[in-house]
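First to last, the protein sequences are chains A and B.
Each residue of the first sequence is one higher than the last, beginning at 1 in UniProt numbering.
Each residue of the second sequence is one higher than the last, beginning at 1 in UniProt numbering.
Mixed in with the good hints, there may be bad ones.
Chain copies aren't distinguished; within one or between two, either way the pair holds.
[As the list claims (entries may be wrong)] Result set (DSS-like, lysine-lysine): computed pairs, CA atoms no more than 27 Å apart in a straight line:
1. Lys-27 x Lys-51
2. Lys-123 x Lys-112
3. Lys-123 x Lys-51
4. Lys-112 x Lys-27
Hints were generated in silico from the structure; no laboratory data involved.
Protein chains: 2
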Amino acid sequence: MSRWEPNARGRLAQAALALYGERGYEKVTVAEIAARAGLTERTFFRHYADKREVLFDGSTRLQQTLTEAVAAAPAGRPPIELVGAAIAALGALFEADERREFARQRQAIVDKNPDLQERELVKLSRLGDALTDALHDHDVPVPAASLAAQVGIAVFRVTFVRWLDDPASRPFPELVRAAFEELAAMTHP
Amino acid sequence: MSRWEPNARGRLAQAALALYGERGYEKVTVAEIAARAGLTERTFFRHYADKREVLFDGSTRLQQTLTEAVAAAPAGRPPIELVGAAIAALGALFEADERREFARQRQAIVDKNPDLQERELVKLSRLGDALTDALHDHDVPVPAASLAAQVGIAVFRVTFVRWLDDPASRPFPELVRAAFEELAAMTHP
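Input sequences plus hints: build the corresponding full structure.
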């Protein structure tokens, strides 16, 4: 196997993000990312398929966390509660303060590039499908499962943006709960 | 200007959809669509930029209908009511029975092709942004506007799929109202 590089993955991600921010995502090469991180291109490709995947690295864990949270919930809970708890559980991935700074820089890069935006929409859509399936496996009938899952992903998107720029730096799960309460108040004025 | 062709636009759309269904979207050329419709390629390009746009022709009208419905609503109504009314207003575009059959065939083609799915996600996301802006212009503050708009688009997606295959062929606005009632019941069990 390969030579061990201490935290190569994290160093590559930081280097990529810094370069994308400085020079624009389109213009940066994998060779430059590796050089900035003090690593080789070979090491880059051991961790990431291409320069785009550095920005979407977290999506497998997001999906896993969501579906595991639904599977672990007690049976018979209302679907929107399952969804709310699952989305709040994503907070475990967003805990550290440096995660918020990383996510903020990442979002600024994605927002500037239509291809990255499309990729993000595809990932969110798959997250919605995975959540629908997880609810269905947890005995929620399909029509309710897909409504609760799609609405849940909508709340996730809105909450994520709020979390990035929250002036009080509140933790993600707190903002998720507030958004679901807001939704409940909205639908029952 | 050009020679007038009776309902060229509709004939081209029907021909394209039939060919995409028979042979797969990727394999069909504009020349073949034009020939099937008994028209020239020049006529095709007077109506559509490319073969993909035949499938996304309705999105400008969707956006216009949504934003006009919000703008026309009495001031001071709760944001989720504005969104519900705006999405129900889309029913005017989906009224005729042949629209449902067309939409069903179209969806089957989109569902088979990842590029078309991405395009669909981008259009839906823009619809959400337009709806957020329309709410904001109607004096809904930004945090509530974006939550209501994103949730509204989620309900729209779910309802659209239900409408395509509704065994009772209920009209679109009726299914929209049912979905919003379902959402209200879900958030207040």
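Hint-by-hint comparison with the structure:
Taking CA atoms no more than 27 Å apart as the test, Lys-27 paired with Lys-51 passes inside one copy only; the shortest distance there is 11 Å, against 31 Å between copies. In this assembly of identical chains, Lys-123 and Lys-112 lie within 27 Å of each other by CA distance both inside one copy and across copies; the values are 17 Å within and 17 Å between. For the homomeric pair Lys-123 and Lys-51, the shortest alpha-carbon distances inside one copy (16 Å) and between copies (26 Å) are both at most 27 Å. Taking the shortest alpha-carbon separations for Lys-112 and Lys-27, only the intra-copy value of 13 Å comes in at or below 27 Å, while the best inter-copy value is 33 Å.
Every hint, counting from the list given before, is met by this structure.
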